[in-house]
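Enquirer: Let the hints inform the model, and build the full structure from the sequences given.
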Amino acid sequence: MSSFFADLGFAFRILRKSPLFFATVVFVLALGIGANSAVFSVVDAVLLHALPYRQPDRLVMLWEKNPTLGAFVGDRVPAAYSNFIEWRKRATKFAAIAGFADANFNLTSAPEPERISGARASANFFETLGVQPRLGTSLAAAATDPSRTQVVLLSDTFFKNHFGGQPNVLGQKLTLNDLAYTIVGVLPPDFHLPASRDGSEQRKPDLWVPFTPADNSDPIEFNRRKMQVYGRLADGVTLTQARAEMAAIAQQLAEENPTVDAGFAANVFPIYVEDVGQELKRNLTVLLAAVGFVLLIACANIASLMLSRAAIREREMAIRKALGAGRARLISQLLAEGLVLSGIGATLGLLFAQLAITLFVAMKPAGINRPEEIHLSLAVLLFTTGVAIGTAVLFGIAPALQAARADVNAALRHTSGWRATAPSGRLRHLLIVAEVALASVLLIGATFMMKSLVAVMDVDPGFRPDHLLTMKFSMPPSRYPSNATIAGFCRQALEKIAALPGVKSASFSDGLPLTRIRLTKFTVDGQPEPKRGSEPTADLRGIVNPDYFHTIGLRLIEGRNFTADELNNRRPLVIVNQALAQKLWPNESAVGQHLRSVPSKTKPVPTVSTVIGVVANTHQLSLEEGTRPEITKPMVDYTQLTLAVRTALDPDSLVRPVKEAIWSIDRALPVFELQTMQQVIDDSTSQRRFDAFLMGTFGFLALILAAVGIYGVLSSLVAQRTQEIGIRIALGAQIRDVMVMILSQGVRMVALGLLIGIAAGFALSRFLASLFFGVSATSPVTYGEVALLLLGTAAFACLLPALRATRVNPIDALRYE
Numbered sequence: 018m019s020s021f022f023a024d025l026g027f028a029f030r031i032l033r034k035s036p037l038f039f040a041t042v043v044f045v046l047a048l049g050i051g052a053n054s055a056v057f058s059v060v061d062a063v064l065l066h067a068l069p070y071r072q073p074d075r076l077v078m079l080w081e082k083n084p085t086l087g088a089f090v091g092d093r094v095p096a097a098y099s100n101f102i103e104w105r106k107r108a109t110k111f112a113a114i115a116g117f118a119d120a121n122f123n124l125t126s127a128p129e130p131e132r133i134s135g136a137r138a139s140a141n142f143f144e145t146l147g148v149q150p151r152l153g154t155s156l157a158a159a160a161t162d163p164s165r166t167q168v169v170l171l172s173d174t175f176f177k178n179h180f181g182g183q184p185n186v187l188g189q190k191l192t193l194n195d196l197a198y199t200i201v202g203v204l205p206p207d208f209h210l211p212a213s214r215d216g217s218e219q220r221k222p223d224l225w226v227p228f229t230p231a232d233n234s235d236p237i238e239f240n241r242r243k244m245q246v247y248g249r250l251a252d253g254v255t256l257t258q259a260r261a262e263m264a265a266i267a268q269q270l271a272e273e274n275p276t277v278d279a280g281f282a283a284n285v286f287p288i289y290v291e292d293v294g295q296e297l298k299r300n301l302t303v304l305l306a307a308v309g310f311v312l313l314i315a316c317a318n319i320a321s322l323m324l325s326r327a328a329i330r331e332r333e334m335a336i337r338k339a340l341g342a343g344r345a346r347l348i349s350q351l352l353a354e355g356l357v358l359s360g361i362g363a364t365l366g367l368l369f370a371q372l373a374i375t376l377f378v379a380m381k382p383a384g385i386n387r388p389e390e391i392h393l394s395l396a397v398l399l400f401t402t403g404v405a406i407g408t409a410v411l412f413g414i415a416p417a418l419q420a421a422r423a424d425v426n427a428a429l430r431h432t433s434g435w436r437a438t439a440p441s442g443r444l445r446h447l448l449i450v451a452e453v454a455l456a457s458v459l460l461i462g463a464t465f466m467m468k469s470l471v472a473v474m475d476v477d478p479g480f481r482p483d484h485l486l487t488m489k490f491s492m493p494p495s496r497y498p499s500n501a502t503i504a505g506f507c508r509q510a511l512e513k514i515a516a517l518p519g520v521k522s523a524s525f526s527d528g529l530p531l532t533r534i535r536l537t538k539f540t541v542d543g544q545p546e547p548k549r550g551s552e553p554t555a556d557l558r559g560i561v562n563p564d565y566f567h568t569i570g571l572r573l574i575e576g577r578n579f580t581a582d583e584l585n586n587r588r589p590l591v592i593v594n595q596a597l598a599q600k601l602w603p604n605e606s607a608v609g610q611h612l613r614s615v616p617s618k619t620k621p622v623p624t625v626s627t628v629i630g631v632v633a634n635t636h637q638l639s640l641e642e643g644t645r646p647e648i649t650k651p652m653v654d655y656t657q658l659t660l661a662v663r664t665a666l667d668p669d670s671l672v673r674p675v676k677e678a679i680w681s682i683d684r685a686l687p688v689f690e691l692q693t694m695q696q697v698i699d700d701s702t703s704q705r706r707f708d709a710f711l712m713g714t715f716g717f718l719a720l721i722l723a724a725v726g727i728y729g730v731l732s733s734l735v736a737q738r739t740q741e742i743g744i745r746i747a748l749g750a751q752i753r754d755v756m757v758m759i760l761s762q763g764v765r766m767v768a769l770g771l772l773i774g775i776a777a778g779f780a781l782s783r784f785l786a787s788l789f790f791g792v793s794a795t796s797p798v799t800y801g802e803v804a805l806l807l808l809g810t811a812a813f814a815c816l817l818p819a820l821r822a823t824r825v826n827p828i829d830a831l832r833y834e
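If you read the sequence shown in this note's numbering, its first letter stands for residue 18, the second for the next number, and so on.
Keep in mind the hints are simulated off the structure, nothing from the lab. Predicted model, so just to flag it, every value in this text is computed and none were measured. Treat the hints with care, since some could be wrong.
Listed next, with one range per pair, are the computed distances between beta-carbon atoms [to be verified]: (1) Pro-69 x Ala-251: 21 to 27 Å; (2) Ser-787 x Thr-174: 16 to 22 Å; (3) Ala-396 x Arg-549: 50 to 56 Å.
C-beta atoms are modelled at their ideal positions from N, C-alpha and C, and glycine is treated no differently.
Expert: Here it is as structure tokens:
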């Protein structure tokens, strides 16, 4: 061990004598190792980090399902509260079942009204997850003490932001939706809900309150599908057994209550499946593999430099060997140099990784639900250490073995200059082929990802997102007890906003494209009556005033718009989109057709609505999802309002004036989620931009590293063959012949690497075709573009050494040893 430490000390001294070589290798390593550490920190936070619950492997999410709603929506339907109650009564395969429903609160005790994201949870919710508050108690007391139902549990973030983290918070009051709540506890800092819907949704409630009997006294609310339900499997129960029991219970409920549950079944998924979607796992695996390719290219580059350096030091190694140094000792010395280089490169790489993580978090990729958890953890540091050691071995072993095999007599006969042995030259050529192949694979993937991003950004959303400001309101029942009072607020607000300078139009609705969907079932007059539970469905949009379509820039294709009187009095009229019109009436006009609502316990007599118009399609879920059938009708449910304002000015300049207009009507009403529609689109494409940016960056690094490697090998080749080139020129060889000789060697290496890389890229691209959008994985144009880019870059890298070869002076070359 002492000899190895001596080798490390000698390595430091010898590397100090070659500052350019030292700086080049350390910089390349810092890029390669830093990029790997940064991507691994994302993988560690998203895929490897344990969920902060007791025995998370026993936790599952319980959903309802209905195939008629489509794959994405229908597989995971929130549970009706009525069914949640029955599941808890009838299920025996679970140690506990708990759930919550979204419940946003207006906090009016602050200097400015504030909307707080919250939840109403069953009393056993946190006990089911196995989470203990850091202060106070959970909501369990509310289950047995009716006087403690007006209590609230704080998230750690809310506790710190609103109370400064002071422990005397317990017992204080919060005014939420005009009601006083007593603070009974604070959740631990590491608590967060898992994501849901295969990782696509993340809820972050700041306040938790218990369900009360009054919360579900309304029959409509009692049967509304709004519950996020969690279960803890009983000891010895498997996931298959739990699924079988829930399927049986769902069938019983459908038979007992067909009005609510016909066509619905149950789904059970492990909590880890819900938290991280398969698409995100695949994306991160691809990125980790890509950055690994960059590191391999860097190692190949450094190995090539080390081989050149070993050739220069061949005489030194021969003398050490002649003086009694064994093969193991020589290998140890060169590996020590590699460890010094990789250690310093890894240290600088961690600084680079920290900068990259900051950039990752700033990009806010939509698929990564908790970017704040991405940091240089102990696992990342251990990973970086392992990568540093591995890279030292990868780029150091070949030169070490080459030096250990050196012929002492032959080396000592070369008293000056240097030479590259044939095995060393062949190995360096193979390394270049490998670099080009790896770079080709990365560039192919990066090109497909960037083309996919361009294709997504070129998708027509169906409306005009420019100059469109949006915001939301949550109306407290204490001040707005009926739809009529909310409608009155909307009319006043629209009058005041329309009078603001720069406002073209404004409209209230219950949501906008790309932000929210609600489903409705119906039947079609004149068509066969479907079986109960299998009725057709469409997304439902409720609007308050006729300016909705004009405000968001949605084109009317056929028929007419609503009148203000029809909306105010909620006439049974609807406007459908092209997707629904073509689906229901492909060979006739949709205008004048009739849709009939599905009877329910609260509305046993169906409502017949007349279609008065057809509008263009919009993308409701994302730009990458196909358009869905949609029905627009007069607003019925006013629980959440969305305001859209079409402006002639910069939308951001109207944020404050619009808020002041709202507060002139109700000073205690929070205005939240203020953003332009372009920001909504940017958020929906953030994961795609994140992936394309990283793949493009890795592809660019690979291209530069491959070019540097080609340049280095050909430069050493020119130096190695200086005497030969001089003799050829002295014997009459033309400049063109010398250039062709050098360029041909570079082209052969590049062409072979390119063929291997394109073949590998073709195979991988077909496997990863699901990650691409709007571009075929077998597109010959893409492969041709990558080939031209690599060949052009390689030609430039080859050209400089070739030009240098043409400037060899025959007289100087003949004196060259």
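Enquirer: Against this structure, judge whether each hint is valid.
Expert: So, going through the hints one by one against the coordinates:
no.	hint	in the structure
1	Pro-69 x Ala-251: 21 to 27 Å	22 Å, holds
2	Ser-787 x Thr-174: 16 to 22 Å	36 Å, violated
3	Ala-396 x Arg-549: 50 to 56 Å	53 Å, holds
Of the numbered hints stated above, the single one contradicted by the structure is hint 2.
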